[in-house]
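All chains should be built: construct the whole structure from the sequences, respecting the hints.
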Amino acid sequence: MDQFLVSLMNGLVYGLLLFMVSAGLTLIFGMMGVLNFAHASFYMLGAYFAYMLQDAIGFWGALVVSPLLVALVGVVVERFFLRRVHRYGHAHELLVTFGLSFIIAESVKLFFGNYPVDYRIPAALDIPAFSVGGAQYPAYRLLMGGIAVAMFVLIYLLLTRTRVGIVVRSAIYKPRMAEALGHNVPLVFMGVFGVGAALAGLAGAVAGAFYTTNPNMALELGVMVFVVVVVGGLGSLEGAMLASLLIGVITSLAVSVDRSLADLFALAGAGDWARSVGGLMTLKISSLSATIPFALMLLILLVRPGGLMGEKD
Amino acid sequence: MKTAFLCVAAGVAALLALPFLLSQGLLNAAVQMLIAALFATAYNLLCGQGGMLSFGHAAYFGVGAFATVHAMNAVGGAGLLPTPLLPVVGAVFGLLLGSIAGWFATQRTGTYFAMITLAIAELVHSLAPHLKGLFGGEAGVSSMRMPAWGFDFGSTTQVYYLTLGWALLCVALLYLYTRTPMGRLTFGLRENSHRLRFLGYDVHGLGTAVFAISAMFSGVAGGLQVMSNESANYVVFDPSLSAAVILNSYIGGVKMFLGPAFGAAIMTFFGYAVSDLTQSWLLYQGILFVLVMMFMPTGLAGLPGMVRRLVQRFGFAQVMPLVALSCGAALSLGAGGVFLVELLRRVFSQDYRAAIVAGNDWPAVTLLSRDWLPGSPITWLVPVALLAVGAALAWLARRRRAALEAAEAVDAAAPTALEADAIVKEGLA
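Here the protein sequences come in this chain order: A and B.
Quick note on numbering: the first sequence equals residues 1 to 313 in the working numbering.
Quick note on numbering: the second sequence equals residues 1 to 429 in the working numbering.
Simulated from the structure, these hints should not be mistaken for lab results.
These figures come from a predicted structure and were not determined experimentally.
Glycine is no exception: its CB is placed at the ideal position from the N, C-alpha and C atoms.
Watch out, some of these pointers could steer you wrong.
One side of the interface only, derived from the structure: several residues of chain A facing chain B at Cβ under 7 Å [said to hold, decoys possible]:
(1) Leu35
(2) Arg84
(3) Phe102
(4) Gly113
(5) Phe226
Here you go:
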């Protein structure tokens with residue numbers, strides 16, 4: 001039971017982390033129709049910038065400055081890369097961001113080497129928050145979750161309660177109409193792209209210290225973030241939240257399930273047959289934890305193509 | 001048409017003559033180039049001709065590879081088929097997985113299609129290490145090429161001819177496919193699938209078929225890879241392989257039939273040639289890809305056509321300075337960029353960092369068999385100057401092109417209807 005509780009909490013925190021990255025991605029997609037392949041690279045850049053700045057301005061300072069730097073990178077990407085190829089269509093934009101993600105990953109390898117760097121949480125934060133069944137639960141995980149929740153509330157309020165939010169939402173919904181009414185839509189696009197990048201950067205700066213900071217972190221998280229965004233519904237913030245938590249919890253819980261499909265067949269009396277088939281049948285659920293999200297994504301795309309909360313097609 | 005045929009014939013003759021000209025190591029690289037070229041051509045059927053951007057083609061390549069390796073080991077190691085026919089097994093399994101995956105993926109279009117292909121590939125990729133019986137786990141599955149038809153397939157030359165035969169056959173089949181009614185419908189799928197549907201065609205079935213055919217030829221490429229390596233490992237499902245085929249195809253140019261093959265061949269060749277010299281090859285590949293996407297949507301293979309059109313439009317004498325300027329700019333920018341990257345790579349490497357003694361000047365780094373001091377301005381001035389010269393040349397080239405177009409606009413101030421039509425067509429081309 002305690003084990004289950006810890007897994008559940010780990011899953012929730014991982015889900016919240018996924019949400020921090022996917023929030024920006026889903027907003028950018030909803031607005032510009034571009035699925036930004038380089039988004040997870042922003043997450044990685046956030047971690048590396050924070051690692052670089054940590055010695056100079058301290059952990060908390062790095063946590064503030066690093067997302068700003070990432071936002072700057074995001075703005076440059078939007079202004080000087082995406083806007084130039086906009087006229088060739090969305091596939092072309094997708095490919096350009098794909099190429100950029102490549103360049104960013106390789107540049108990181110160039111400057112920091114192809115191995116994890118020593119980016120750690122400060123000793124003051126490396127404390128247990130409480131203990132569950134004898135095991136200590138790290139306070140830093142709670143901090144990560146707290147930052148993500150605070151961010152969700154902040155963005156949600158910003159989008160639904162303020163004037164800026166109205167303009168942004170109208171630019172997402174009907175960009176031409178918003179432009180005709182005198183709003184600077186390209187500027188809004190650039191702003192949202194920057195903010196989305198900053199959120200990913202913040203996630204990287206926070207999570208890089210806890211997990212590892214290495215040149216493959218973008219690829220590892222990136223695919224999962226795509227899954228989240230598609231499952232939640234492209235363009236939907238609430239959907240991204242729901243899907244992040246769902247996937248975080250499922251992957252975390254699956255690790256501790258020591259059962260296989262054969263056990264399911266055994267209930268119907270065909271257990272021996274299933275075991276003799278081998279392969280997928282005898283594979284433990286725990287070793288499938290990395291596979292389940294993709295299966296879930298395929299399922300969602302077939303059953304509910306718009307995603308859990310998606311409206312736009 | 002006749003010149004194109006002659007070019008292809010000359011190319012095939014050159015490929016046939018290669019084993020007499022190259023060393024064994026280079027011939028091995030040539031085998032890899034052929035496989036990459038076939039894979040890219042198969043990919044382009046889906047991506048360039050069908051307009052469906054797949055991010056997970058490694059799955060079909062990998063399935064072809066593993067099907068072939070198991071076929072080689074079947075019947076107590078004697079092989080299911082005579083060795084030269086083994087890639088057929090890869091084709092069959094590529095077709096099977098391609099039909100299933102294609103049926104799922106082509107339910108949707110655009111970004112969703114790309115995401116589904118990515119998900120399917122990741123599904124296979126994350127599953128493969130756990131299915132040890134099928135994919136051999138960390139060690140992979142190894143095999144032996146059995147003698148058949150009087151050949152022992154022991155030498156690289158024989159493997160080369162086997163690969164060449166299959167690659168030429170498959171590329172020819174893929175080309176002939178584009179001439180069939182279904183091949184023309186594939187183009188229709190890219191251009192306007194709605195209209196195709198209104199005309200009464202089964203768009204989903206067509207998309208699935210195109211996907212499956214593309215996967216089938218990818219499976220052949222995978223099979224050839226296995227036959228050349230005599231082993232297969234689940235690493236073939238890695239996303240980097242899917243990424244490589246996308247980069248290669250677009251760098252070559254997806255709008256032309258042989259563009260992706262060309263791109264894949266030269267990228268593989270450079271990857272092989274510079275792998276000893278630099279660790280930054282992927283970085284250069286990425287930068288080249290982004291540059292091509294931003295400034296040359298037709299890809300490298302489209303460049304000769306672009307120059308030809310310019311010559312037709314402005315005359316040879318006018319265009320040559322423009323071409324010279326552009327080449328100069330490209331060379332200069334390339335040299336500057338490479339110099340800078342290699343310099344940074346060395347200065348930021350772990351060995352170099354460890355060699356720095358606090359308080360002393362930073363030691364020199366070796367590049368182009370010369371020593372460069374990171375502390376001296378000259379070291380940094382060289383790449384910056386190269387980049388600046390390149391940028392200036394590029395700017396001049398742009399201006400020259402603009403001037404040519406302005407002059408033409410004056411000449412064509414009062415064109416006849418026929419001329420105006422021609423100008424519009426040129427502009428569109």
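Check your understanding: Does A/Phe102 pass the interface hint, meaning its C-beta sits closer than 7 Å to a C-beta of chain B?
Key -> Interface hint status for A/Phe102: holds (4 Å vs cutoff 7 Å).
Point to revise | Hint check, A/Leu35 versus chain B [nearest Cβ-Cβ separation less than 7 Å] | key: holds, 5 Å
Point to revise | When the least beta-carbon distance from A/Gly113 to chain B is tested against 7 Å, hint result | key: Hint holds; A/Gly113 Cβ to chain B Cβ min 6 Å, cut 7 Å.
Exercise for review: Using Cβ atoms only, decide whether A/Phe226 comes closer than 7 Å to chain B, and label the hint accordingly.
Suggested key: holds, 6 Å
Review point. How about A/Arg84: closest beta carbon in chain B under 7 Å, or not?
Key: holds, 6 Å
In terms of the numbered hints stated before, the structure departs from none.
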